[in-house]
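Trainee: Protein chains in written order, with our numbering: chain H, 37 to 479; chain R, 880 to 1319; chain A, 1203 to 1478.
The set of hints was computed from the structure by calculation and includes no laboratory data. Here the structure is a predicted model, which is why all the values come from computation and not from measurement. Fair warning: there could be bad hints in the mix.
[Claimed, not checked] Straight-line Cα separation of at most 25 Å, SDA-like style, residue types lysine to any residue; simulated pairs:
1. H/Lys342 to H/Glu353
2. A/Lys1400 to A/Leu1279
3. A/Lys1400 to A/Gln1343
4. H/Lys208 to A/Ala1357
5. H/Lys208 to A/Leu1279
6. R/Lys910 to R/Ala1117
7. R/Lys1044 to H/Trp268
8. A/Lys1400 to A/Asp1381
9. R/Lys911 to R/Val929
10. R/Lys1224 to R/Ser1206
11. H/Lys208 to A/Gln1297
12. A/Lys1342 to H/Glu209
13. H/Lys208 to A/Ser1362
14. R/Lys910 to H/Ser139
15. H/Lys208 to H/Trp268
16. R/Lys911 to H/Phe131
Spelled out, the chains give:
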Amino acid sequence: MITDRLLRVLILADYNTRVVMFGTVMLGVAGGVVGVFLLLRRRALLADAVSHAALPGVAAAFMLIMAFGGNPRSLPLLLLGALVSGLLGMGCVLFISRFTRLSQDAALGIVLSVFFGFGIVLLGIIQRMRGAPAAGLNSFIYGRTASMIRSDALLIGTAALVVLVLTVVLFKEFRLFTFDPGFAAGDGWPVQRLDALLMTLVVSVTVIGLQAVGIILVIAILVLPPATARFWTDRLSVLVLLSALIGATGAYVGTALSASIPRMPAGAAIVVSHGALFVLSMLFGTVRGIVHELFARRRLARTTLKQNLLRALYECEEAGDVHSAETQWTYLMHTRGWSIRELKHAVRLLRLDQAVYRSPEGQWLFTESGRVQAARVTRNHRLWEVYLLEHADTATAHVDQGADFIEHVLGDALVAELEKAVPRFGKVVPNSVHVIGTRGKRA
Amino acid sequence: MMWTALDTWIVVAAVLAGATCAMIGSFLVLKKVSMMGDAISHAVLPGIAVAFIITGSRSGPAMLIGAAVVGVLTAVLVHVIHHYSRLEEGASMGVVFTVLFAIGLILIERAAHHVDIHPEHVLFGAVELVPLHLISVFGFGVPRGVILLAFVLLINLSVVTLLFKELRLATFDPELATTLGINATMIHYLLMVLVAMTTVAAFEVVGSILVIAMLIVPGATAWLLTRRLLPFLIVSVAVSVVAAVLGHIAAITVPPLFGYVDTSTAGSMATVLGILFFGALLFAPEQGVVARAIDALRLRLSIGSQDALGLLARAAENTESQTGSLSAAELRGVHRSPFAGHRLKLAAILAFLRVKGSVVFRGGRYHTTERGSEQGREILRSHRLWEQFFFDDGKVRISELHPAADVLEHYTNNDLREDLSERFAGKRTDPQGRPIPGED
Amino acid sequence: MNNAISSSRNTMHESASSGRSVSPESVALHVRDLTVAYYRKPVLWDVDLDVPPSVVAGIVGPNGAGKSTLIKAILDLVPHASGSVEIFGKPYRRQRRLVGYVPQRESVDWEYPITALELVAMGLYRKIGWFRPVSSPYRKQALSALTDVGMADFAHRQISRLSGGQQQRIFLARALVQDADVYFMDEPFAGVDASTEKAIIGILQRLRAAGKTVFVVHHDLETVREYFDYLIMLNMRIVAAGPVAEVFNSENLKRTYGGRLTLLDRAVDAMGRTPG
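For reference, chain H alone in the conformation it holds in the complex (with noise of 0.2 Å):
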């Protein structure tokens, strides 16, 4: 029964569920494309502060309203109280952090916790009060989709238009002075002013947000989708589109769940919809994802643990102790340490690459691509040991970037330098590996 539910659901069979999803879905998208900025801006927390500063403002409209005998159901009316007293609470919060010693953390703090509490204080009086239908005011608390209208829809909808154009108008501006506010300003943008309209998109979605998703969990449709996005992509334009669409996806999903579902209060179901994007992505996401990143450093034992053999079996040949299968294990076992485990393995990596064969006596020798690639392996490997020598100062910077070619580090003046010094450490450079032509973008 729930499944035929949900299938009219996702279908959007029934008016109704067109007008709600409608104004979800315009919503993630613009708390998702507002949100990438808020949280480079490294000001996720404002928006919390400012959603629990708008319930007094709600409350408040409300019984203004009741007093003036209007209808204290228009939304519109009461989210003006909203904005007006969300701007408020950020004022608030920027005159504690920049008038006392209190860091910003507190300041926040204070004043979510406060406003909410006076508006507590508000709603208590308004329950108590004869004939005011104050049932419609907790669902700004928790967030109630089911009581949205084709107004209501419309409003978020006009709302959240306004938001991506600007956004999409101002992008390359977003970009310069959340990055870099110090260069932007030298440059001669109006950085403060950015800053404000930033900020007024920021309340404007968490105020028109109130209603479908609540004031407790409306910073979720701000946070989660970029922070989400964040694991697939590392470059802006792309993060805003994914950021957009992984919000309209998580409020499709979990408005769909809420209509179909009993008891499955509305925002708490987006929420959850959303955080379950956030753990599928932070585990597989192809940036920084926990399992991509173990996938990564797997790969890069590998690949060291073939380097170090490579390189070993090159030193070997250099020495003049392949003479044998014997002599040759004997000098990787005893005079390298390698173990007998770690060996096998290496050369199981090395004979699928096809760097290595076993010749009818026994012992390993290079192929004719494994020489060049073991010619290249040691002689990177001297080089930065040089390097890291004669420039102990600053080469700590570098010391986990063992590329394949130390050129694209150091660059190739520096490089040559280092050869030269080599053979004062006792070695000697094998030869260039550019000759075999090589020399490719791999690094």
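Based on these hints, arrange chains R and A on the given structure of chain H.
Mentor: What follows is chains R and A alone, placed relative to chain H:
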């Protein structure tokens, strides 16, 4: 409005909740991780829900254990996400607590029919319901929530007392603490566990959001008022106790003034906390906005009166008399007068000097008293010593000596003046050939 | 000795005020009475500078001497209490397009999701103007600047995956595409490797040859003679400014770094402690 036994229990519960939260929350403020309190107070929700669902009751120990687990879990998750995604810490908190809170919310909604917990109470608390669940202790009926809070308060108090110096070091300088053999990471997680347990215990009384107010605002208020750890903790707890009592009284007395019935005690406590904080922000003795404004004013007054006395001392020098005397117009009109165009400022400063007995007003002119002449000479001496200093330093143009010395002379106390004069021992004149007044 | 000082002071005095024989346009940077204070504590005090064009000028001084602050104050990035800044004879605000800036490397978030090429292209935003996207000719221009600093191979790499020296190089490339006449670089040599250091020196020399004026905040006194032809020695005030050969001597060094300013420090400290 009648005060009943019910009100007494509500206030007791609120005071206990406030004191417990303030004590542990102060360390969050100190460590500058206030928002971890926010994250944990949201994140304990699924812990509570699961504990409810498993035990089927509001068993205190089960809830505290659940809370401790969630507290550590939240802290670990925030750290892991921060580490892997390289999101800023705030953003990874946002990710963790929203998702955990949403899960908790769904659990509660889904299990609502067999667990007596209401989504509204999660956020606002239900201090009004606390006195309804009584447990007999030595024949007295004591609310269950009060016992739980008292228990957690005891834990917090013992930890803070026993580990006072460790906490101080680990919150002040975690790296130093680690080198001294105090595991700052363990202390951090211990703090998170305590925050989570405190949150759960206070949760019924004030609800999950307002817990944040009780955790952070007292500490932040105390931070503005004191600079030492022990007074800081005491002020913080005191602030929360005052807010608890006033909060409940305000909740039942203020709304009737406007023709309403009454309102939520928890919300009202948070509001009172906010008012107390705002009061401290304005009126704190050293760091308050008002105190700093007064300091600035006093500084301007002292600089202004020194300037005036300096001018009078120069006048005395020029006329080779003991006392300087100038009219207000002359004070404004002399070359480089800092009062040029500041008629009102000069009037205020002269009035101030007359009250202090440094000048007297006779026959339309201001004359220095003996004390005023002495002060004026000291200022002149500082001024000329500085001019000598800059001249000696080589790079200040003669024409610019005066303004630089003008600024510095106001900050020159006796010690500094002595050291300066030591450097120029034997010098009796400044670079422009004017005498440097003697020591006495 | 004393005479020498006072005469140099006098010449400075005259050239700075009325009897200036050179026309203002021939002074690349003219700073007058620049004072910067954080709260009440002065950081820079009455700075006067006249720097001729086509020099590579080092700015040296001890920690806390206000070297970075000087650059930021010139570029209007920190509010100054008083003073004026002119670039080629006109107020800085009207000459912004002539000025390029390389901030300290630590001042930005290197995890930011952009590539080296995109970072360099930021130097062209001013030329591109509001609202317009970065089109392909501009990208080509950025790429050629990357090639100039030897970073073409890394154009599409996310910036956190570059070493410190490489990050510094793309910062320089961004300044190069700004195509400015006067450059301000904040500690470009801090924490870079030997080859980047050489690359930066190469760039500085090329800029000078092209008639540009470059200001470089620097903290390694040993390399001053090698890198710069003009030197500004700073310790809250300008201690000395002029061609390296003239001003880089032990006496000025003692003045800049020595204990002679301790008395002044104490007065300034007293000002800092006074609230307000």
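Trainee: Out of the numbered hints, which ones does the structure contradict?
Mentor: Violated hints (numbers, rising): 2, 7, 9; every other hint is consistent with the structure.
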